[in-house]
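Listed below are the residues making up each chain.
There are 2 protein chains.
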Amino acid sequence: MTTTDWLEELRGERPDLGRASTAGRVADVLRTRITEGHLRPGTRLSEEDIGAALGVSRNTLREAFRLLGHERLLVHEFNRGVFVRRLTVDDVRDLYQVRRILECGAVRRLAERLASAAAPSPTADLLAPVGAAVEEGESAAAQGAWVAVGTANMNFHQAVADLAQSPRVTEAMDHLLAELRLVFHVMDAPQAFHATYLPENRAILELLEAGDLAAAESAIATYLDAAEAQLVEAYAAAAARG
Amino acid sequence: MTTTDWLEELRGERPDLGRASTAGRVADVLRTRITEGHLRPGTRLSEEDIGAALGVSRNTLREAFRLLGHERLLVHEFNRGVFVRRLTVDDVRDLYQVRRILECGAVRRLAERLASAAAPSPTADLLAPVGAAVEEGESAAAQGAWVAVGTANMNFHQAVADLAQSPRVTEAMDHLLAELRLVFHVMDAPQAFHATYLPENRAILELLEAGDLAAAESAIATYLDAAEAQLVEAYAAAAARG
DNA sequence: GCGTGAAGGATTGTTCAACAATCCGTCAAT
DNA sequence: ATTGACGGATTGTTGAACAATCCTTCACGC
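Residue numbers (numbering that gives the first Met the number 0), protein chains in the order written: chain A, 0 to 241; chain B, 0 to 241.
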């Protein structure tokens, strides 16, 4: 192992060091509680109450709110406070519109990169995260761990977007999926929703492994269309009830 | 005009009402100075100095910094302060990677929407902003207003991305172009750079108007490849000098 | 000369307290 | 039922204070 390897490894741990910010840690705590559904959409987050509960000052808490606001998990209404975001049906449609562009675009860019390199199919290490997510989902389903099935499904699509090998696409997809979690917790049975699409994930993986990226892209598109339709219907019904 | 029309119009003015925040206005001021090149990349923004100059407290200024940090115009280094972002060559490549996905994706989504509606070509009002940006650029070039040529070019690509009719894509493209402005100000002659591509913009517009969206998408892709190559070369040279 | 380490100043991180501005619910009046 | 005024509660913003950290300088020893 050379010196530059050492340094390169250390670079990877730099983000952990920067985590010392109090506001960042507060944001982490709130983010988890939101994405895991303990804080329902529409809930108002009182500066005083939460500040007292977490033992941080209002100013620091405000910085945490800003962080989550830009991730679209919170909305900030002037002179009224911050609320856990409540997504409209139009928001859900838009999220899937962006997913179509991002996920299909990632596969398409990968295809063009392979074409210019005269490679027949993606290398195994590129697809490793995708395959891992597929198996993670299947084994979770076998054990009946439905929550884990949901996160595995998210990991799968995150891995697909990561095929673009673009830090900005990765981050955008990360935020996008966090937003989508807001929707899932309003539904009745998000478990069944995710389990439905496990076979499709494997089919997409196999198309990617076979190097038929055009078919994979098209499979993702139809997957997203179906998921959007099902989700919009279920969400509209849930929203109508309250 | 019915009552609901009135109300719908008013909804569009809601964002203007929320603009009363001091931190938001401070962020606006700083954003302009950064994107217009008055604050060079790498510059450190002292909390005390800027707070005194703008007449706001450190806490408020911090909120403004946080806002711009999430737009990637500023970088925040713990215990060291905030700096105007200095983009690496890899950042430039990534920005163009995302542009390819977003702009081409927007056209592609538009094509699929037209196909499902059995429409031969996009409606005129959809392409109006694109056409306006093209003419804006050409008339600015005729008058030698090179700065205006640059903004017109940005408007063109923003308009292309807006074809996706997705609020999130619009916002992402907005932030992306703001980031790119950081690069242009480091170059020697950004004017000539933008002027080169005026004819291409018109060609893309005509392909869109003709309804040949596949050709338009491919034209955008080659445009972006060329622009990226030229920009990366110029930027690397400028970065090497200092 | 050169790398090491300590002292000092400057800047940021965080908290606290205070006041102004704004919103929300209540209640009375028309 | 709508309007208008009042009062409590919450947020917006400020200023000051202290701890933690970084950067510079300078002296020291090899």
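Keep in mind the hints are simulated off the structure, nothing from the lab.
Positions of the beta carbon are idealized from the N, C-alpha and C atoms, including for glycine.
Each hint should be verified, as a subset may be incorrect.
Stated by the list, open to error - A few chain A positions that, by computed beta-carbon distances, are all more than 10 Å from chain B:
#1 P40
#2 F82
#3 G104
#4 A105
#5 G143
#6 S165
#7 A239
Unchecked claim - Derived coverage of chain B by chain A (criterion: at least 3 residues anywhere in the stretch with Cβ under 8 Å from a Cβ of chain A; other residues may be distant):
#8 51-63
#9 94-102
#10 158-169
Unchecked claim - Label pairs and their computed distance ranges (CB to CB):
#11 A:T31 <-> B:A237: 41 to 47 Å
#12 A:R201 <-> B:V231: 54 to 60 Å
#13 A:R43 <-> B:W145: 30 to 36 Å
#14 A:G210 <-> B:R112: 26 to 32 Å
#15 B:T221 <-> A:D48: 51 to 57 Å
#16 A:G23 <-> B:A237: 32 to 38 Å
#17 A:G210 <-> B:A114: 24 to 30 Å
#18 A:D48 <-> B:E134: 39 to 45 Å
Now the hints, each set against the structure:
{"no.": "1", "hint": "P40", "result": "holds (18 Å)"}
{"no.": "2", "hint": "F82", "result": "holds (14 Å)"}
{"no.": "3", "hint": "G104", "result": "violated (3 Å)"}
{"no.": "4", "hint": "A105", "result": "violated (7 Å)"}
{"no.": "5", "hint": "G143", "result": "holds (35 Å)"}
{"no.": "6", "hint": "S165", "result": "violated (5 Å)"}
{"no.": "7", "hint": "A239", "result": "holds (20 Å)"}
{"no.": "8", "hint": "51-63", "result": "holds (count 3)"}
{"no.": "9", "hint": "94-102", "result": "holds (count 6)"}
{"no.": "10", "hint": "158-169", "result": "holds (count 6)"}
{"no.": "11", "hint": "A:T31 <-> B:A237: 41 to 47 Å", "result": "holds (43 Å)"}
{"no.": "12", "hint": "A:R201 <-> B:V231: 54 to 60 Å", "result": "violated (39 Å)"}
{"no.": "13", "hint": "A:R43 <-> B:W145: 30 to 36 Å", "result": "violated (50 Å)"}
{"no.": "14", "hint": "A:G210 <-> B:R112: 26 to 32 Å", "result": "holds (29 Å)"}
{"no.": "15", "hint": "B:T221 <-> A:D48: 51 to 57 Å", "result": "holds (56 Å)"}
{"no.": "16", "hint": "A:G23 <-> B:A237: 32 to 38 Å", "result": "holds (34 Å)"}
{"no.": "17", "hint": "A:G210 <-> B:A114: 24 to 30 Å", "result": "holds (27 Å)"}
{"no.": "18", "hint": "A:D48 <-> B:E134: 39 to 45 Å", "result": "violated (55 Å)"}
Consistency note: the structure conflicts with the earlier hints numbered 3, 4, 6, 12, 13 and 18.
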